[in-house]
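For chain A, the structure is supplied; the task is to place chain P on it using the hints.
Residue numbers (our numbering), protein chains in the order written: chain A, 1 to 111; chain P, 112 to 223.
Honestly, I wouldn't trust all of these hints.
Stated by the list, open to error - Each computed DSSO-like pair below joins lysine-lysine, with the alpha-carbon atoms no more than 27 Å apart:
#, chain 1, residue 1, chain 2, residue 2
1, A, K26, A, K70
2, P, K125, A, K98
3, A, K98, A, K70
4, P, K120, A, K103
5, A, K103, A, K56
6, A, K103, A, K26
Hints were generated in silico from the structure; no laboratory data involved. Note that the structure is predicted; figures quoted are calculated from it, not measured.
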Amino acid sequence: SQQGEEDPQALSIQEGENATMNCSYKTSINNLQWYRQNSGRGLVHLILIRSNEREKHSGRLRVTLDTSKKSSSLLITASRAADTASYFCAIPTGANSKLTFGKGITLSVRP
Amino acid sequence: NAGVTQTPKFQVLKTGQSMTLQCAQDMNHEYMSWYRQDPGMGLRLIHYSVGAGITDQGEVPNGYNVSRSTTEDFPLRLLSAAPSQTSVYFCASSYGWNTEAFFGQGTRLTVV
Numbered sequence: 001s002q003q004g005e006e007d008p009q010a011l012s013i014q015e016g017e018n019a020t021m022n023c024s025y026k027t028s029i030n031n032l033q034w035y036r037q038n039s040g041r042g043l044v045h046l047i048l049i050r051s052n053e054r055e056k057h058s059g060r061l062r063v064t065l066d067t068s069k070k071s072s073s074l075l076i077t078a079s080r081a082a083d084t085a086s087y088f089c090a091i092p093t094g095a096n097s098k099l100t101f102g103k104g105i106t107l108s109v110r111p
Numbered sequence: 112n113a114g115v116t117q118t119p120k121f122q123v124l125k126t127g128q129s130m131t132l133q134c135a136q137d138m139n140h141e142y143m144s145w146y147r148q149d150p151g152m153g154l155r156l157i158h159y160s161v162g163a164g165i166t167d168q169g170e171v172p173n174g175y176n177v178s179r180s181t182t183e184d185f186p187l188r189l190l191s192a193a194p195s196q197t198s199v200y201f202c203a204s205s206y207g208w209n210t211e212a213f214f215g216q217g218t219r220l221t222v223v
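Chain A extracted, bound-state conformation:
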C-alpha cells in the first residue's frame, strides 16, 4: 500500500528559525494529512490538504501540495521549543481509503 516518505528523518534547529519538512508519495491522492506526535503521546491532526488545493495555512503552519511532483511540504515558521515532536504525513490509500503513515520526522528545536 502507498505511504508517504518523509524527509529528512531528523531535523535540529534553533528556536525562532523555520523548519521545513517534506513528504513524497507515489500514486495519485485524494488528500494528504500532517500529524504531530509529542513524546509518549498520541498523534494530533495538524492540517489536511486536498488534491485540488496548493497551499493551506494554520497559525504558524503552512502546507503546500504539488501533485505534479507528488510531494508536500510542511513549514513551521518562528519555531518554538514546544514544537519539538515527531511529524508524520498520512495518505488515504487503497480500498476504503485506509489512512497510512510515513515513518515520521523528528524535529528538535533548541532553546
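For chain P alone, coordinates are given in the frame of chain A:
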C-alpha cells in the same frame, strides 16, 4: 467530550497470554482503526472498521482479532501474545477516511 479513550495505558504480558485492548470513542465516528508503532517503523495499520459489524485487515493483522458490535467500541484482542507484539498501540477514529483522524493516548504493551 472524551474523544478516543484507550485502556489500559501500560500492560506487561507473558508469552502465550491473551488480552484485550479497549478503545472507545464518543464522537459517533463510523471509522475506527488500530495501529502499532515501533521504533523506525512509523505507524502500521493492524485492523480497521468502517462501521458497526464491519471490520477488515490492515497491513499487519496476524495475531490480532477485532470486532465492532457498537459504533463506540473497537476492542483489539491479542490471541496468544508473542515478544514480537511488544509495541505501542494506538486506536484512531474519524468521520470518514478522507477526514481528520483522532487518536487515543496509546497502550504500551510489553510481552516477556
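Hints versus structure:
no. : hint             : result
1   : A:K26 to A:K70   : holds, 7 Å
2   : P:K125 to A:K98  : violated, 32 Å
3   : A:K98 to A:K70   : holds, 19 Å
4   : P:K120 to A:K103 : holds, 23 Å
5   : A:K103 to A:K56  : holds, 23 Å
6   : A:K103 to A:K26  : holds, 15 Å
Consistency note: the structure conflicts with earlier hint 2 alone.
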